[in-house]
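A.B. asks: Sequence order for the protein chains is W and D. 1 is the number of the first residue of the first sequence in the working numbering; add one for each residue after it. 1001 is the number of the first residue of the second sequence in the working numbering; add one for each residue after it.
Note that these hints are calculated values from the structure, not bench results. Since we're looking at a predicted model, the values are computed, not measured. Honestly, I wouldn't trust all of these hints.
Looking from chain W toward chain D, a few residues come up when the C-beta cut is under 10 Å (computed) [claimed, not checked]:
id: 1; residue: F26
id: 2; residue: A42
id: 3; residue: F207
id: 4; residue: A208
id: 5; residue: Y317
id: 6; residue: F373
Each residue gets a CB set at the ideal place from its N, CA and C atoms; glycine is no exception.
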Amino acid sequence: MKGIIALLLIATSSICNATEQAEAIFKQLAPSLYQIRLIDKASGEKSSIGSGFQITSDGLIATNYHVISGYARHPSKYKIEYLDNKGNKGALELKSVEVINDLALVKREVTREMPFFEISDTTPTKGEELFSLGNPHDLGMIVVPGTYNGLKKESFNDRIHFTGSVNSGMSGGPVVNAQTQVVGINVATSGNQIGFLVPHDKLLSLFAAYKVDEKISIEQQMLDQLTKNQEKLMSTILANEWQLKQLGESLIPTVDVPFIRCWGDSNADKADALILAAVAHCTLEENTYLSSHFFTGILEMEFRYMQAKELSDTKFYTLYEQRIKRAGPANEANKEDVTEYQCQHDIVMPAHQGMKNKAVFCTRAYKDFPGLFDILYLAASIDKNDQALLSHFTVAGVTQNSAMAFSKKFMESVTWK
Amino acid sequence: MEIIIEEISKGHKLLGRHKFSKTSITIGRGYQSDIIISDPHVCAEHLNFAYDGEHWLVSDADTINGSFIENSKSVIKQHIVKSGDIISLGKSQIRVFFPDHPVEASTTFSPFENLIDIARHPISLVFNIALFAVITGFLFYLNHGTEVSFTQLFVPTISMMLMFALWPAVISIISHLTKHDARITSQLGISFVFFNLMWVSDVIQRFVQFNVSSQWPLMWLVSAIPIALAFCLFWFNLSIGFHTSERRRLIISAVLTGLLFGGNALIELSKKPEFSTRPKYDATLMTPMFSITPSTSVDEFLEDSAELFENARKEIDEE
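All chains, full assembly: derive it from the sequences and hints.
C.D. replies: See below:
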């Protein structure tokens, strides 16, 4: 009995300890915490909210890019405001963005030196207790304790896996260690106690770049970041040895990198299906948010193997054609963001002579980011009477050179067994 | 001297024809007249023709509304009749001929007449309609993603057939209403011949689309086949159903073709969204036996694609 009481005492004391610690942290940091609001000028109401934290004494505030993306894309439509812990409001000026890691720097006017968050110079250890700060659903500033669980394995651009509730509205809020140093920035959630943070070093490099040159336009910054990121992604993928994997009677390429994950499905259980179909679908598990209707940075590959079961060739090919008629892009983009797709098609045989395809190549250009394109490729094998392989990929926000190199490697990889 | 008097409509269509060997002829609404015209604007005794041994003279009988040589304003008084004269009385018209009036040379049967004769022959008529039904049924079968039974195909096939039979039926009704022969079997026969030719042109079009690359410059030529076929169909419909001049027939056929394809294009255009995020490409696929063109290499294909990047860049520059 004594043991149990002792145990209970220890447990409650540690809970008390964490709560007290959180309370203390909150009290200490509250003056440097802000709610960031995007105000629609025409209606005068807020159109999106997030959190932010001050990182210099002269009023520089860090937040998420997606919190202020509306302003970054349409500066004439919105203005940015802050709301501090005393309820004071004020205007913010957008200074710098980092779209790949979803970060932005905004600045407020200050009259005197102000307290600010210190950015950590070390990475937390696994299991270390962290405190996420922010203003979820406009309910007021809160502090959420949680645990550091290392970097997410499947991400191309590092994200911290944080076990704790990160809710919408907390986006852009800081995550601090017990020493109140910033180790990450709230960015996304996967529901039940799974949150994702941008590591602090991304903020450090954005801050460093900002200090070097304040004058580069937001659009130019975005273009540079997008171009650099797609180069990094494409060179990683192209440098990788693509493994050939069997799908039905065909061989399809798989890229052996952790950030591209594949899923599969087939209709083998449907006895009355006229065509046996097996699908492999591989995607990059992240994308780059540019605005609420404009995403880029995606990569998607899909292979559909089809085999006719007691079906005439003509009917098989008619149904096959219906399959490929309406391919669409995987990333959302609007008229103000991109051109319409331009397409060309031809009968193509790769150098290995292993498969004859009807290939369709489509591209559209980004209006505000010259030199970047979305690619949609579709190829239908046309050399077997009762079997077919549909190979397809879309990549978004790549340069012409990257697109060509990737297309070549993809087209040369697909073949019959 | 003999004289021929024709009653004609405003559009100069023949309504009745009379031949006289007398030297005096009366025309009017009264029943004593040689030609009775039941037009309320014509008087009981309206127009008199008299032969003076050398000429036929025509006179208006001092009527309320008068009689006029076509396109002239003065009332007829002792007018010397020429062969081919058209006289207006009231709202009616008559045309006068003498026996020696020249007629146009007779036309020979065109080879098209033979074709029409073949098309309306019961055997070929049944064959063409049956062929159409079989093709339609087969297409329904091909486009059905699951197993289909014969009865499932039967209903759409028959309704499709009836829908297509509407066109020749409508043409026949119109020609019947305009006092021409209906000739329904000829219209049906020739129409279904062309409907079947349309299927053939579809296959040709698909075959070419499947084989050539998007760079092929003559694609428009293939797209012109159905337009030419539609024009021919309309031309035949008109020659079967109506007696018109060659020029008119060509113009009406062209107008109908324009309406059909132009209207279609207009509907497509009106449905087209201002901006589409979906790519538009040719997805025609045929079985391997239809693939006859040599394939290009990956490098050549990508070289062709480079042009798309160029075009997209240009599109932005133009804005």
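A.B. asks: All hints, please: hold or fail.
C.D. replies: Do the hints match the structure? See the list:
no.	hint	verdict
1	F26	violated, 45 Å
2	A42	violated, 23 Å
3	F207	violated, 33 Å
4	A208	violated, 33 Å
5	Y317	holds, 5 Å
6	F373	holds, 6 Å
The structure fails to meet hints 1, 2, 3, 4 from the earlier list, while all remaining hints are met.
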